[in-house]
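As a plain string of letters, each chain reads:
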Amino acid sequence: MSQDVFKIQGLNLWYDDFQALKGIDMFIKQNEVTALIGPSGCGKSTFLRCLNRMNDLIDDVKIDGQVVYHNQHIYQKNYDVINLRTKVGMVFQKPNPFPMSIYDNVAYGPRCQGLKNKEQLNEIVESSLKKAALWKEVKDRLKESAMELSGGQQQRLCIARAIAMEPEVILMDEPTSALDPIATLKIEELINDLKENYAIVIVTHSMQQAARISDKTAFFLMGELIEFGDTDFIFSTPKHEQTENYITGRFG
Amino acid sequence: MSNKRKRYDFIMKTITYVASSVAIIILFMIVFFVVRNGTNLLSFDLLTSDYHSHVYNGGIDPVTDFSQTSKPDHLTDEDYYSQKWGIALSDGEGKQGEERVIVSFVAEDSPLNHMVNRNDSNDEDFQIKEGYIIQMIKFEGRQSALEIYGAQYMINSLEEVDTFRELVFAEVGGGIRGSLLTTLYTIGLTLIVALPVGIFTAIYFNEFANKNKFTQFMRTLIDTLTGVPSIIFGLMGLAVFVPLTVRYTPATSGNILSGSLTLAVILLPVIIKSTEESLKVVPDDFRQASLALGANHTQTTFKVVLPSALPGILTATLLSIGRIIGESAALIFAVGTAIKDDISIFGKSTTLSVHIWSLLTDEPANIPLATTIALIILMVVLGLNLLVKLLSIKFMKKFS
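From first to last, the protein sequence lines are chains A and B. For what it's worth, my numbering labels the leading residue of the first sequence as 1, then goes sequentially. For what it's worth, my numbering labels the leading residue of the second sequence as 1001, then goes sequentially.
Hints listed in this document are in silico derivations from the structure and should not be mistaken for laboratory results. Just so we're clear, the structure is a prediction, and the values are computed from it rather than from any experiment. The beta carbon of each residue, even a glycine, is placed where N, CA and C say it ideally should be. Careful: at least some of the hints might be erroneous.
[Said to hold, decoys possible] Not the full set, but computed from the structure, chain A residues with beta-carbon under 10 Å of chain B:
hint, residue
1, MET54
2, PRO95
3, LEU171
I would like the entire structure built from these sequences, with the hints used as guidance.
Structure (C-alpha cells):
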C-alpha cells in the first residue's frame, strides 16, 4: 500500500461561533486522487484549506485537532508554513494567473524561493508546462501575458505554476467549475496523469467527475465527514443513507 | 397611474439632461475663455525667455560720420526710419501685451553701433540689436523721448539732434521660463518625497496593519487631512519647512525645497487614499495564489499586489501633479512670489500658479498674460492626462 501523506484526526474548525468542521478523521495517500464531495457549505473547501493552512488568512478562525503531514503536526507552534505550502500546492476554483507573462507565472514560485539561475528556471518552466499539458500551446509565446489565454489554458497554467514548486500534494478547489466541458475533460485527463507523481485532493460538485477521476471519495455534510472510502464502494454501495441520497441526486 | 409615471419619468429625465448640460456648458466656457484670450500672447519665446530684461544705458561720443544707408525695402510704413542714425523703430507689443518701441532695423554703418556702455564698459553683450526695445532717449537741453510717446516721436527727435546724453534700451523681457522651471522642479521634488512615503504608507495600511481601532482612527485622520484647506498647510510650511531649510541649506527665505516639502505633505493623504483604493481592488485571488505558492507576505505584496495596483497608482500620481501645478495658496508662503530667472532649489522663485496670482494682484492686473499662463497650465495638465492614459493602456495590454 502507498504511504499516508496526511493524517487528520479530530479536526474541528470554527469561524467565529460557527463550527464549520466537526471532528474530521481522514488520511490522504500518495499517488491517489481523493475527491471531496458534498452540498455547498458542507465544509469541504474549508477542510481542503486546512491542509496548506490557507485558513490562516481568515480572521477569527479557530482550529483544534491534528493535521499531521509526514509525522509533523502542521498546526504546532513555529511550524514553517511557507515550507508546507511549497510542498502542498493549490489550484483554485477560478483560474487566477498573475497579471504577468506565462513564463513569469510559472517561474514565480521558484523565484520566490530564491532561484535565480536562468537555465534552471527555463528547465522548470518547460517541464512544468509539459506536465500540465500546456507546453505545446504556449511554447512560442511564453513572454505574452497569461491573461490572454483561454479559461481552460489559464487553469492548466495554474496547475503548471503549482507543479513548478515540485510539491507532493496538489489541492484543487473545484478546478473545473468555471470551465467548459472540453476544458474540463482536459483537466481531468491531466489529473489522471498527475497522480503518478502526486497526491491530489480535489473538491468537486460533480458526482460524475468524482466517480471518473478519484480513487477515494469523502462525503461531507454540515461540517461532518459522513463517509470516506474507495470511490467504487461509495458510488455503488454507500453505507449511509445520506450519502446515497446525495450521490443519486435526491438532495444537494 | 401610467400617466403619472410618465410624467415622473419625464421630469427626472429633464433634470438629468439640464444638469449635465449646465455642467458641460460651464466647463466649456472656461476652456473657451482661456483658449481665446490666452492664445494671443502664447509663443515659444514666452516659454523660453527670461522675465527680467537686461537694461543697457548707452552714451555716445561726438559723432563725426552719420549713417548713409537709406531705408531698406523690407521695412513698411509702420517702421519709422532715421537715415541719419541708421535705425528703424516701430510700435509693438511686449510679451505681456504692453506697448513697446521695438527696434526693427539697425544699419551696419549706424553710429549707434559704437555707443559707450555707461554701466559696465566690459560687457561684451552691449550692442543694440533688432528686436530690442528702446525705453527712453535722454537729450541735452530738450525733453526726453519716452517709450509712451511712440516710435515716430523718437525718430523725429533723433533726426533733429546730433548727439544725445543716454539711450536706454533693453532685451524684451516678460518670459515665464523661470516660473515654468520652478513648476517643473517643484513637481519633481514633491513627487520624489511624496510618492514613496505615500505608497508605502498605503501598503502598510492595506496589507500589513492589523484591522483594529487604532488603524481605523489613523485612517479617519488621514481622510480628514484630505479636506484641510491648503493655506493651513502653507502656514505649516512657513512655520516648519522654511526655517528648517534656511537652517540646513544655503536658502535664506522661502525656497523651492520648502515649497515642495509643503506640497508633499498636502499630497500625502491624497496619494495614500488613492493608492489604498487601488490596492483594495486587487483581487484576493492573486494574494491567495501567491501565498499558496510558498511566497511570503512581503513577496506577495511587492511582486503581485503592487504591480497589479500600478494603474491606480499612476492615476494618483497624475492627480498629484495636477494638484502641484494648481496649488497657489500654500506656495505663496512656502516658495514666495518673487518672479525669478535664475532658478535654484534653495532660492526663492515662483510657480506658474503663483505667477498668475502675482499678475492679478499687480496694479493694473495683467489679465492677458494670466490667461496665457492659465492656458499653458491647461495644456500641461492635458498632456499629462494623455500620457498617463497612454501608459496605463500600455500597461493593461501587458498585464491583462
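Do the hints match the structure? See the list:
1. Restraint check, MET54 of chain A versus chain B: the minimum CB separation of about 6 Å is within 10 Å; hint holds.
2. Nearest Cβ of chain B to the Cβ of PRO95 of chain A: about 9 Å, under the 10 Å cut. The hint holds.
3. With a cut of 10 Å, the hint placing LEU171 of chain A at the interface with chain B holds, because the nearest CB-to-CB distance is about 8 Å.
Of the hints listed earlier, there is not a single one the structure fails to meet.
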